[in-house]
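Visitor: If you want the building blocks of each chain, they are given just below.
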Amino acid sequence: MGINAEEREILLDFINESNEGLEQTELNLLKLEESISRGEEIDSKTIDSIFRVIHSIKGSAGFLSLNLINRITHHAESLLDKIRKGKIKMRKSHIDVFLEVCDALQILLDYLKTHFSEEGFEGGSEDLILRLDKMASTDVNVDKDTSPKAESSPQPVPEKMPKTLDPNDLITDELKKQFVNESLELLDQLEQDLIILEKNPDNTENLQSAFRALHSIKGNAGFMNYRDINEIAHQAETLFDLARSDELVLQTQQFSLILKIVDFIRSAIEGLAEGKPPIIPGKFGLIDLLRGISDKVKPQEEPQQEKPETKTAAKEDKKKPEKPEKPEEATASKKSGKKIGEVIRVDVEKLNRLMDLVGEIVIAESMVSHHPDLAGMELEGFEKAIAYLQKNVRDLQDLATSMRMIPLSGLFGKMKRLVRDISMKKKREVELVVSGGETEVDRSVIEHISDPLVHILRNSIDHGIEEREERLKKGKPAQGIISLEAKRVGGEIWITIEDDGQGLNKEKIIKRAKEKGILGENEESLNDDQIYNLIFRPGFSTAEKVTNISGRGVGMDVVKKNVEKIRGRIDITSEFGKGTTINLKIPLTTAIVDGMLMRVEDSLYAIPTLDIRESLQVHTEQIIDLVDGQEVVKVREQLVPVIRLQELHNKMGAMRPLEEGIVVVTESTGKAVGFLVDEIVGQQQLVIKPLPHYIGKLHGVSGCAVLGNGNICLILDLASMVKIAESIKID
Amino acid sequence: MMTDNQLTFEEEIMDTQKGKFLCFQLGKEEYAVEIRYVMEIIGMQRITPLPDLPHFVKGVINLRGKVIPVVDVRLRFGFQERAYDERTCIVVANIQETNVGLIVDSVNEVLDIPENQIDLQPKVKKGKESRFIQGLGKVEEQVKIILDMERFLFDEELNEIQQSVAVEV
Numbered sequence: 000m001g002i003n004a005e006e007r008e009i010l011l012d013f014i015n016e017s018n019e020g021l022e023q024t025e026l027n028l029l030k031l032e033e034s035i036s037r038g039e040e041i042d043s044k045t046i047d048s049i050f051r052v053i054h055s056i057k058g059s060a061g062f063l064s065l066n067l068i069n070r071i072t073h074h075a076e077s078l079l080d081k082i083r084k085g086k087i088k089m090r091k092s093h094i095d096v097f098l099e100v101c102d103a104l105q106i107l108l109d110y111l112k113t114h115f116s117e118e119g120f121e122g123g124s125e126d127l128i129l130r131l132d133k134m135a136s137t138d139v140n141v142d143k144d145t146s147p148k149a150e151s152s153p154q155p156v157p158e159k160m161p162k163t164l165d166p167n168d169l170i171t172d173e174l175k176k177q178f179v180n181e182s183l184e185l186l187d188q189l190e191q192d193l194i195i196l197e198k199n200p201d202n203t204e205n206l207q208s209a210f211r212a213l214h215s216i217k218g219n220a221g222f223m224n225y226r227d228i229n230e231i232a233h234q235a236e237t238l239f240d241l242a243r244s245d246e247l248v249l250q251t252q253q254f255s256l257i258l259k260i261v262d263f264i265r266s267a268i269e270g271l272a273e274g275k276p277p278i279i280p281g282k283f284g285l286i287d288l289l290r291g292i293s294d295k296v297k298p299q300e301e302p303q304q305e306k307p308e309t310k311t312a313a314k315e316d317k318k319k320p321e322k323p324e325k326p327e328e329a330t331a332s333k334k335s336g337k338k339i340g341e342v343i344r345v346d347v348e349k350l351n352r353l354m355d356l357v358g359e360i361v362i363a364e365s366m367v368s369h370h371p372d373l374a375g376m377e378l379e380g381f382e383k384a385i386a387y388l389q390k391n392v393r394d395l396q397d398l399a400t401s402m403r404m405i406p407l408s409g410l411f412g413k414m415k416r417l418v419r420d421i422s423m424k425k426k427r428e429v430e431l432v433v434s435g436g437e438t439e440v441d442r443s444v445i446e447h448i449s450d451p452l453v454h455i456l457r458n459s460i461d462h463g464i465e466e467r468e469e470r471l472k473k474g475k476p477a478q479g480i481i482s483l484e485a486k487r488v489g490g491e492i493w494i495t496i497e498d499d500g501q502g503l504n505k506e507k508i509i510k511r512a513k514e515k516g517i518l519g520e521n522e523e524s525l526n527d528d529q530i531y532n533l534i535f536r537p538g539f540s541t542a543e544k545v546t547n548i549s550g551r552g553v554g555m556d557v558v559k560k561n562v563e564k565i566r567g568r569i570d571i572t573s574e575f576g577k578g579t580t581i582n583l584k585i586p587l588t589t590a591i592v593d594g595m596l597m598r599v600e601d602s603l604y605a606i607p608t609l610d611i612r613e614s615l616q617v618h619t620e621q622i623i624d625l626v627d628g629q630e631v632v633k634v635r636e637q638l639v640p641v642i643r644l645q646e647l648h649n650k651m652g653a654m655r656p657l658e659e660g661i662v663v664v665t666e667s668t669g670k671a672v673g674f675l676v677d678e679i680v681g682q683q684q685l686v687i688k689p690l691p692h693y694i695g696k697l698h699g700v701s702g703c704a705v706l707g708n709g710n711i712c713l714i715l716d717l718a719s720m721v722k723i724a725e726s727i728k729i730d
Numbered sequence: 000m001m002t003d004n005q006l007t008f009e010e011e012i013m014d015t016q017k018g019k020f021l022c023f024q025l026g027k028e029e030y031a032v033e034i035r036y037v038m039e040i041i042g043m044q045r046i047t048p049l050p051d052l053p054h055f056v057k058g059v060i061n062l063r064g065k066v067i068p069v070v071d072v073r074l075r076f077g078f079q080e081r082a083y084d085e086r087t088c089i090v091v092a093n094i095q096e097t098n099v100g101l102i103v104d105s106v107n108e109v110l111d112i113p114e115n116q117i118d119l120q121p122k123v124k125k126g127k128e129s130r131f132i133q134g135l136g137k138v139e140e141q142v143k144i145i146l147d148m149e150r151f152l153f154d155e156e157l158n159e160i161q162q163s164v165a166v167e168v
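Protein chains in written order, with numbering that gives the first Met the number 0: chain B, 0 to 730; chain D, 0 to 168.
Take the hints with a grain of salt, since some may be wrong.
[To be verified] Among the chain B residues that face chain D by a calculated CB cut under 8 angstroms, a handful are: (1) Ile195; (2) Glu382; (3) Leu647; (4) Pro691; (5) Ile694; (6) Asn710.
Simulated from the structure, these hints should not be mistaken for lab results. Idealized CB from N, CA, C, for every residue including glycine.
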């Protein structure tokens, strides 16, 4: 098996995709067969979707030098094409032969799964190919063996003709959606490859992969009749073809151009998703620019389907002996080996519904296990059964949560692109070192941390990393390094962004904070943490001159808000002159939280267990009453303000002395706040529900949860509680 | 096919619902809301109070796992608060895709009020709360006060309160 991990990965993807396609095709064929036997008109859309599958298998097989698959699909495609164009009327015998094609391909794919090559495959396909050819060359009007019913309705054929000719009729919304999704994935892939290639232009694998992505986009756009995308992708493909055949070495400048083109294509495709036509403004200019690059090498060259394929094969052969099996690759291939044929695509909507249902089951379970009717009963067997149920419910919940998990690598990849672009613009040399991209987080988490990450990285380059000369003067390497690291710690993901730039300037921050009125003139005694946290305050921006990338005033405060929206935390440390580190600590999932339930009079509140530091009964000597009536308790030399939750509701009534209740001390964003509660009810898994839209946002409450007994508890928003407590002065 | 059927089904419902009103009691007066807003009627539930809400929003209830806000209609109209009893009901209404529970003294009946029996510009005292009234419906000798649900639930007053809360934060 002289094949490396990457090639294996590509092959496996191909197998998975093809299998999916073939399955669909089989269903479609059966559908057609039914229409034929009933003498109904044949649905041209179905034929088209079969055609598309066969075509894409053919393309990929060609690229992967899978000659047998390529040949079979090629011949099947020719026959299909004639049917599609109405030159041959579809008969039952066609269905049979196409089903045979599917079977043959399936067998071949199975063989590939274990052998990773067509070599040594024993199975006659020549007969099948021959029959396909024979059918394709048969005259249009040899129609005699169709069922009599079909003969009685000859109209469908001419009726179908104009339909097939107008490609716009064939493009269903479903197809469009598929195209958009696929293309966006391909563009992501392409971007990744380009960035790697830019650093290392000799990386043939990425060159191949970039070429393949462009080729697929081009092909799909062509099929969908999106001419702008098709033409530009075609031109870019030409460029890569030249690069592949070593006739052209791409320069940084040209990468920028290609990346820009990727952006154009992306925005056209995104526009398409919103129902706009996929037009690329300035198309001809772009094409000319691309042509300019390729023309430098040699006159215009049309990339031919077959030619690149043979080249690819040759190249890959060359590469193989150079690559000794690294241990890393060995494990990678082991992993992917397990994945074979076990991937299915599921609608996100379905996953969300599954999550909701699991949430309901968690509630139902606790409804049963905490049912008031059971109170005081000795139920040993029942308890055992409940314990078993609880374990399974917990497992189910973990599983469902994990299904919504996606690795961070995609997001991190985008950040690479971003850092590249910004550092070019700012003329700083920056390398982004990424690790932990395989860490998986909930989909919704990815959505929420994308913007904060962009902002933090922008800030790092804009304010952190110095210019080359300055760095050299300071004795730092010319190239700045930003590391982006993710790891899983308990129920959280920690994302660390660290740069080796100039660090935060405390004096500057204080000065700025005072200018902006964030900090009072006379406030001096802040510790480092408090100073750094000033940059998260609204209205703060340290850029001395406003640049077009960062420093627009919407800054770190938005970052913080976004992170807190998913119950995450952010902290920042810095050493002046050496660099800055920002830590994001984000819960794995946003839907379920482990919470501590507390009762205050007849209301129930919950606080995420992770945020609770301790709970204690206070003694009189620990209590300090401040002038404005705010109570503070002293816990091991730390002064902790205590909030009475009744006050949230503006309920007056008799104030119980602090000593009679329990103070739960929480810590969020480094600040301690205590809550006076009557009773700690217990720890529970809570399914977080947003407050009804009608009510809007409340301060102090981030959401609610329905408990097993049907009661509703309010989940406290510690960040805003801290703010309430902050308004309390501690002297 | 499915969507086709559903559409016609919904249209059918719209059609049969037209002109039908749910009547409820508030003190001595009888009020009515268009039936298309009404999802269901439930008895009094345990209400979880929430901080920082206008006084007429009493809190939230748990309706089969869904958390929905409840509005005391009396308080919204500026009437005197009244202790809830066994006849007190919560009318669960759905408007602008939001579920809201309305606390009323009691629910009476569902009535047909033909369009020509509805006076859209009734001469009522121009009070602050009269803006919640869509019109007066005449049924035999009785008059039903028809609620303007949109205004009743989403009037600017609520927005103002929300904004003031937001500013405070």
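Visitor: Could you check the structure against the hints above and give me the numbers of any it violates, in ascending order?
Guide: Failing hints, ascending: 1 and 2.
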